[in-house]
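Peer 1: Each chain, written out:
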Amino acid sequence: MTPDFWNDYGMPFLFMVLQIVITIGAVIFSVAYLTYAERKVQGAMQRRQGPTTVGPFGLLQPIADGIKLLSKETIIPSQANKPVFFLAPMLLFSLALVAWAVIPVSAKIVIADINVGVLYLFAISSMGVYGVIMAGWASNSRYAFLGGMRSASQMVSYEVSMGLVIVCVILATGTMNLSEIVTAERPVWLQILLLPMLVVFLVSILAETNRAPFDLPEGESELSGGFMVEYSAFAYAMFFLGEYANMILMSAMATILFLGGWLPPFEIQALAFVPGIIWFVLKVCAVLFFFLWTRATFPRYRYDQLMRLGWKIFLPLSLIWVVVIAGTLLYMGRI
Amino acid sequence: MITAIAFYFFSAVLLLSALCVITARNPVHSVLFLILAFFNAAGLFVLLGAEFIAMILVIVYVGAVAVLFLFVVMMLDISFADLRKGAMQYVPLGILIGGLMLAELVTLYMAWPAKPPVEALPMANVTNTVHLGQVLYTDYVLPFQVSGLVLLVAMIGAIVLTFRQREGVRRQKIAQQVSRKQADVISIEKIPTGKGIG
Numbered sequence: 002m003t004p005d006f007w008n009d010y011g012m013p014f015l016f017m018v019l020q021i022v023i024t025i026g027a028v029i030f031s032v033a034y035l036t037y038a039e040r041k042v043q044g045a046m047q048r049r050q051g052p053t054t055v056g057p058f059g060l061l062q063p064i065a066d067g068i069k070l071l072s073k074e075t076i077i078p079s080q081a082n083k084p085v086f087f088l089a090p091m092l093l094f095s096l097a098l099v100a101w102a103v104i105p106v107s108a109k110i111v112i113a114d115i116n117v118g119v120l121y122l123f124a125i126s127s128m129g130v131y132g133v134i135m136a137g138w139a140s141n142s143r144y145a146f147l148g149g150m151r152s153a154s155q156m157v158s159y160e161v162s163m164g165l166v167i168v169c170v171i172l173a174t175g176t177m178n179l180s181e182i183v184t185a186e187r188p189v190w191l192q193i194l195l196l197p198m199l200v201v202f203l204v205s206i207l208a209e210t211n212r213a214p215f216d217l218p219e220g221e222s223e224l225s226g227g228f229m230v231e232y233s234a235f236a237y238a239m240f241f242l243g244e245y246a247n248m249i250l251m252s253a254m255a256t257i258l259f260l261g262g263w264l265p266p267f268e269i270q271a272l273a274f275v276p277g278i279i280w281f282v283l284k285v286c287a288v289l290f291f292f293l294w295t296r297a298t299f300p301r302y303r304y305d306q307l308m309r310l311g312w313k314i315f316l317p318l319s320l321i322w323v324v325v326i327a328g329t330l331l332y333m334g335r336i
Numbered sequence: 188m189i190t191a192i193a194f195y196f197f198s199a200v201l202l203l204s205a206l207c208v209i210t211a212r213n214p215v216h217s218v219l220f221l222i223l224a225f226f227n228a229a230g231l232f233v234l235l236g237a238e239f240i241a242m243i244l245v246i247v248y249v250g251a252v253a254v255l256f257l258f259v260v261m262m263l264d265i266s267f268a269d270l271r272k273g274a275m276q277y278v279p280l281g282i283l284i285g286g287l288m289l290a291e292l293v294t295l296y297m298a299w300p301a302k303p304p305v306e307a308l309p310m311a312n313v314t315n316t317v318h319l320g321q322v323l324y325t326d327y328v329l330p331f332q333v334s335g336l337v338l339l340v341a342m343i344g345a346i347v348l349t350f351r352q353r354e355g356v357r358r359q360k361i362a363q364q365v366s367r368k369q370a371d372v373i374s375i376e377k378i379p380t381g382k383g384i385g
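In the order they appear, the protein sequences are chains A and B. The first sequence lines up with residues 2 to 336 when you count with the working numbering. The second sequence lines up with residues 188 to 385 when you count with the working numbering.
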């Protein structure tokens, strides 16, 4: 092995592996403590305590939960389609991880700064539906199948308006590179113009990640757990990790598209001494809090109401807003 | 070297999964292989430096078209083994059509002008997304808009064909529900004891 080969391929490869390991570690750690935060926040909103027993303030609870899940027995339904049955959770989880490759957590820290970052994110998030639909079909159970069906139509419906919201942001910033979207100049009128789209986006990501009040694919009251009813132990843990990793990913997406990424809030220069990554994490946490907040406060939607909201309200609204934003930008001479 | 390895890898997986689409016994597996094929085609586009087309391929075909496809196939309860029984009788026809298409492709390849009629565009230092947009909305604006219109017509056609107005179905009218006042629907009566509402 020549030193050239080592320098050309060996080092970059090791560096890549290191980046991947750090990203996965960070995501799994965040997922673990997101579950803790969820239980604590919901506890506080419902006048309960949440986890308190394992470790100080119950801080070791997620780890205990993880060990418990991993030590359980994996049960495979005898009628299940085995390859697809196991492919589904893997797909869901790995999709939630690969998307992090393009997320700029600060001005310098990004694994792949590609030109079509937004489209990449959108493509990855639009593939998430396969994990759910495959799980629903492969389990060979009616509950799971109904959950998968619901999820497929729900995610496809909300993707449409999400896509149009993303088009609005691309129009306003004039780029598809995520770092450039963050740093793009945004006058106040443009931010006000994008505000309705932020609302649409936040509601759409709730539906896209199957979270309350749009958690019909899981709907425990009528589907007893929906598409993942047949999963146990590690496969279930993968779904769980995937769902929460997706929540964090969508929050990061909202942060980058609308909340200014790693920049200090309201672009106050006095706050610029704080490293960008801290602002990024804080903003993501704020969006995640919104996820938990809605879960604790809103009752589940009925399925036809969900579809109506997606197709009859969000789709026309975001479509009109694309035209409004394009027209305003043209009037202001920005395009 | 990496590019070459990636190319052969993507192409091999693409061809294999395309083969599996038609040989898989389970229709759902067929669709899943089709999705894998789309995905690898996107990988090939990335290798060509056409990242915009690659992403759009994934978003449109993998994220939307194939989902609907899978949706329909999953709902079907047909045994493809039964369908396959008579498949052999169509082999001559299949070979005929396949041969015809191959012949056409070969003729097209022979007749293709040596220099492509589209000249390389002067803007070299813009990303290919910008490039594509500029070409689509200047030189090819008419074909582009016409194809958009054709798609719109197809969409409206599909809606018109499948839309059925059924009689006797009560629909939820949200505006009506929201505009309802308490006074319109509830009246509070003071009922005297022992007399009832009469």
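It is worth saying that the hints were derived from the structure and are not from the lab. In this text, all values refer to a predicted model and were calculated from it rather than measured experimentally. You may find that some hints are simply not true.
[To be verified] Pair ranges (Cβ atoms, derived):
1. A:271 to B:362: 29 to 39 Å
2. B:212 to A:25: 54 to 64 Å
3. A:25 to B:346: 37 to 47 Å
4. A:113 to B:334: 46 to 56 Å
5. A:291 to B:278: 52 to 62 Å
6. A:192 to B:212: 50 to 60 Å
7. B:372 to A:192: 38 to 48 Å
8. B:251 to A:190: 50 to 60 Å
9. B:212 to A:10: 36 to 46 Å
[Claimed, not checked] Computed from the model, here is a short list of chain A residues facing chain B with C-beta under 10 Å:
10. 77
11. 78
12. 85
13. 119
14. 124
15. 213
16. 214
[Said to hold, decoys possible] With a Cα cut of at most 30 Å, we get these calculated BS3-like pairs of lysine-lysine:
17. A:83 to B:360
18. B:360 to A:313
19. A:83 to A:69
20. A:313 to B:382
Ideal placement from N, C-alpha and C gives every residue a C-beta, glycine not left out.
Peer 1: Indicate, hint by hint, whether the structure satisfies it.
Peer 2: A quick look at each hint next to the structure:
Residue 271 of chain A and residue 362 of chain B have their C-beta atoms about 49 Å apart, which leaves the hinted 29 to 39 Å range violated. Judged by the Cβ atoms, the range 54 to 64 Å given for residue 212 of chain B and residue 25 of chain A is violated: they are separated by roughly 36 Å. For residue 25 of chain A and residue 346 of chain B, the Cβ-Cβ distance of about 44 Å falls inside the hinted range of 37 to 47 Å, so the restraint holds. A beta carbon spacing of about 32 Å between residue 113 of chain A and residue 334 of chain B contradicts the range 46 to 56 Å that was offered as a hint.
Range check, residue 291 of chain A to residue 278 of chain B: Cβ separation about 59 Å, and the 52 to 62 Å hint holds. For residue 192 of chain A and residue 212 of chain B, the hinted distance range of 50 to 60 Å is satisfied, since their beta carbons lie about 55 Å from each other. At roughly 43 Å, the beta carbons of residue 372 of chain B and residue 192 of chain A sit within the given window of 38 to 48 Å. For residue 251 of chain B and residue 190 of chain A, the Cβ-Cβ distance of about 34 Å falls outside the hinted range of 50 to 60 Å, so the restraint is violated.
Evaluation of the 36 to 46 Å hint for residue 212 of chain B and residue 10 of chain A yields a pass: the beta carbon distance comes to about 41 Å. Taking 10 Å as the C-beta contact cut-off toward chain B, the hint placing residue 77 of chain A at the interface is violated, the least distance being around 17 Å. Contact between residue 78 of chain A and chain B, as hinted, is not supported at the beta carbon level, the nearest pair being about 16 Å apart and thus beyond 10 Å. The closest approach between the C-beta of residue 85 of chain A and any C-beta of chain B is roughly 7 Å, which is under the 10 Å cut-off, so the hint is satisfied.
Because the beta carbon of residue 119 of chain A sits about 9 Å from the nearest beta carbon in chain B, less than 10 Å, this interface hint is met. Because the beta carbon of residue 124 of chain A sits about 4 Å from the nearest beta carbon in chain B, less than 10 Å, this interface hint is met. The beta carbon of residue 213 of chain A is not positioned within 10 Å of any beta carbon in chain B (closest approach about 21 Å), and the interface hint is therefore violated. Nearest Cβ of chain B to the Cβ of residue 214 of chain A: about 17 Å, over the 10 Å cut. The hint is violated.
About 45 Å separates the Cα atoms of residue 83 of chain A and residue 360 of chain B, which puts this hinted pair outside 30 Å; it is violated. Restraint check: the Cα-Cα separation between residue 360 of chain B and residue 313 of chain A comes to about 13 Å, which is no more than 30 Å; the hinted pair holds. Distance hint between residue 83 of chain A and residue 69 of chain A is fulfilled; the C-alpha atoms sit about 24 Å from each other, no more than 30 Å. This hinted pair does not check out: residue 313 of chain A and residue 382 of chain B have alpha carbons roughly 51 Å apart, beyond 30 Å.
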